[in-house]
Amino acid sequence: MFNKVNRKKLETRLVIIAIVLIIAAWFTGLQLEDANVLVSIKEQIPEIEKLEEIDNASYKIFNKENELLGYVTLESSMGYGGPLLMCVAVGLNGEIINLVVINSKETPSYLEKVMDADFLANIIGRKYDEEYAIGNGVDAVSSATYSSRAMLEASKKGNRFIASKVLGFDVPKEITHSVDFGAAEIVLILLFAVGYFAHKNTFKYKKVARWGTMLVGLFVIGFYYNQPFTLSMFNQLLLGYFPPLHSHLYWYLLLGGIFLVFTIDNKNPYCSWFCPFGAAQDCIGQVTGAKHRSVGKYKDVLKWTLRILVLLAIVVALLLRNPGVTSYEVFGTLFKLTGSNLQFAILGIVIVASMFIKRPWCNYLCPIGPVTDNFTAIRKLILNKWKSRKASA
Numbered sequence: 032m033f034n035k036v037n038r039k040k041l042e043t044r045l046v047i048i049a050i051v052l053i054i055a056a057w058f059t060g061l062q063l064e065d066a067n068v069l070v071s072i073k074e075q076i077p078e079i080e081k082l083e084e085i086d087n088a089s090y091k092i093f094n095k096e097n098e099l100l101g102y103v104t105l106e107s108s109m110g111y112g113g114p115l116l117m118c119v120a121v122g123l124n125g126e127i128i129n130l131v132v133i134n135s136k137e138t139p140s141y142l143e144k145v146m147d148a149d150f151l152a153n154i155i156g157r158k159y160d161e162e163y164a165i166g167n168g169v170d171a172v173s174s175a176t177y178s179s180r181a182m183l184e185a186s187k188k189g190n191r192f193i194a195s196k197v198l199g200f201d202v203p204k205e206i207t208h209s210v211d212f213g214a215a216e217i218v219l220i221l222l223f224a225v226g227y228f229a230h231k232n233t234f235k236y237k238k239v240a241r242w243g244t245m246l247v248g249l250f251v252i253g254f255y256y257n258q259p260f261t262l263s264m265f266n267q268l269l270l271g272y273f274p275p276l277h278s279h280l281y282w283y284l285l286l287g288g289i290f291l292v293f294t295i296d297n298k299n300p301y302c303s304w305f306c307p308f309g310a311a312q313d314c315i316g317q318v319t320g321a322k323h324r325s326v327g328k329y330k331d332v333l334k335w336t337l338r339i340l341v342l343l344a345i346v347v348a349l350l351l352r353n354p355g356v357t358s359y360e361v362f363g364t365l366f367k368l369t370g371s372n373l374q375f376a377i378l379g380i381v382i383v384a385s386m387f388i389k390r391p392w393c394n395y396l397c398p399i400g401p402v403t404d405n406f407t408a409i410r411k412l413i414l415n416k417w418k419s420r421k422a423s424a
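Be aware that the sequence shown starts at 32, since it is given in the working numbering, and climbs by one per residue.
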């Protein structure tokens, strides 16, 4: 049996091994990312018979009669899960004649929702000098706003690039975007503030404050905005897929707030105080009288099994350069009724289990726990090294 000191040493070594694996997966995934884009373009736009390169991302396109149809270029824009790469086909008059999603990091069910809604039909036919945006001439697909915006922005950039650099047209100057700061961001900041100050033992109304933040998290972050913290967001951070600040301020506030409070206070301000899925489990358990259930000798087995699975999920996501490819979370399945059959099955099991066990997802399945555990371990390791150097100085 390991004593306490040996256990701590082992956990420190395992954290270091995990970091090394993540770094190795990051670099390996970068080398494997190069895809055969030309084959994908010809497969998805069958009227193209031949492509003639202009530069490394733009081509002339010809039909079977060797007639010039126009030009294609590749442009990307940041979606919810990372960069979304579009092939934009532009006619000789500067209008979009076809669009193809070449590569996407979006959650498959959400991307499928956008494609099923025939969203691209709203953009095909637009000319380079038209002014349009989400909410201004084009409606986003419900529950997939980020994916819709990414497709539109990449398409517009590609259209105007060809119009300006290839066709020689005068294109309108890009509009400077203001930062989207609204109700969602205000609510998130308030939740962090309440959670940070109310979690202290000196705060009298801790229980009332916690239930207040949990219910706000459930209905506002969960059902209304559907923007909880997920493993894919953490993977996106590791991959360096940083979305534009003007449209993704919420993303920066959520991740930044969690890591800032962790760094300062070593407390998880999200999971215990306003995670919408945690709140849903608490509400079910409150009605049915769910209790904490001890797993006894299996506690360490379950903890390390989950940690290993989450590490594998992160490594695979980094190898494939796709943040959401291994995400199995069921937040969207509950709050927007979107997901695979497997996710709906997992959600059903968790809801039933929540009637008898306190937060079964959070305790045994949630990937965020192992991520925050490793962050805590790294923080402790750094602090201990700093203290030992300071003491020996």
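None of these hints come from the bench; they were simulated from the model. Note that the coordinates shown come from a computational prediction; the quantities given were computed from them, not determined experimentally. There's no promise every hint is true.
Unchecked claim - Ranges of calculated distance between the beta carbons of each label pair, as one might list FRET restraints:
(1) V169 with K40: 53 to 61 Å
(2) T207 with D160: 26 to 34 Å
(3) K411 with E162: 33 to 41 Å
(4) Y255 with G156: 20 to 28 Å
(5) V169 with I54: 37 to 45 Å
(6) K39 with T207: 50 to 58 Å
(7) F250 with L69: 43 to 51 Å
Every residue, glycine too, gets a C-beta built ideally from N, C-alpha and C.
Hint check results:
1. V169 with K40: 53 to 61 Å: This hint holds: roughly 57 Å between Cβ atoms.
2. T207 with D160: 26 to 34 Å: At 18 Å between Cβs, range violated.
3. K411 with E162: 33 to 41 Å: 53 Å, violated
4. Y255 with G156: 20 to 28 Å: 34 Å, violated
5. V169 with I54: 37 to 45 Å: Because 41 Å falls inside the window, the suggested range holds.
6. K39 with T207: 50 to 58 Å: Because 52 Å falls inside the window, the suggested range holds.
7. F250 with L69: 43 to 51 Å: For F250 and L69 the Cβ distance comes to about 48 Å; the hint holds.
Checked against the numbered hints given earlier, the structure breaks hints 2, 3, 4 and satisfies all the rest.
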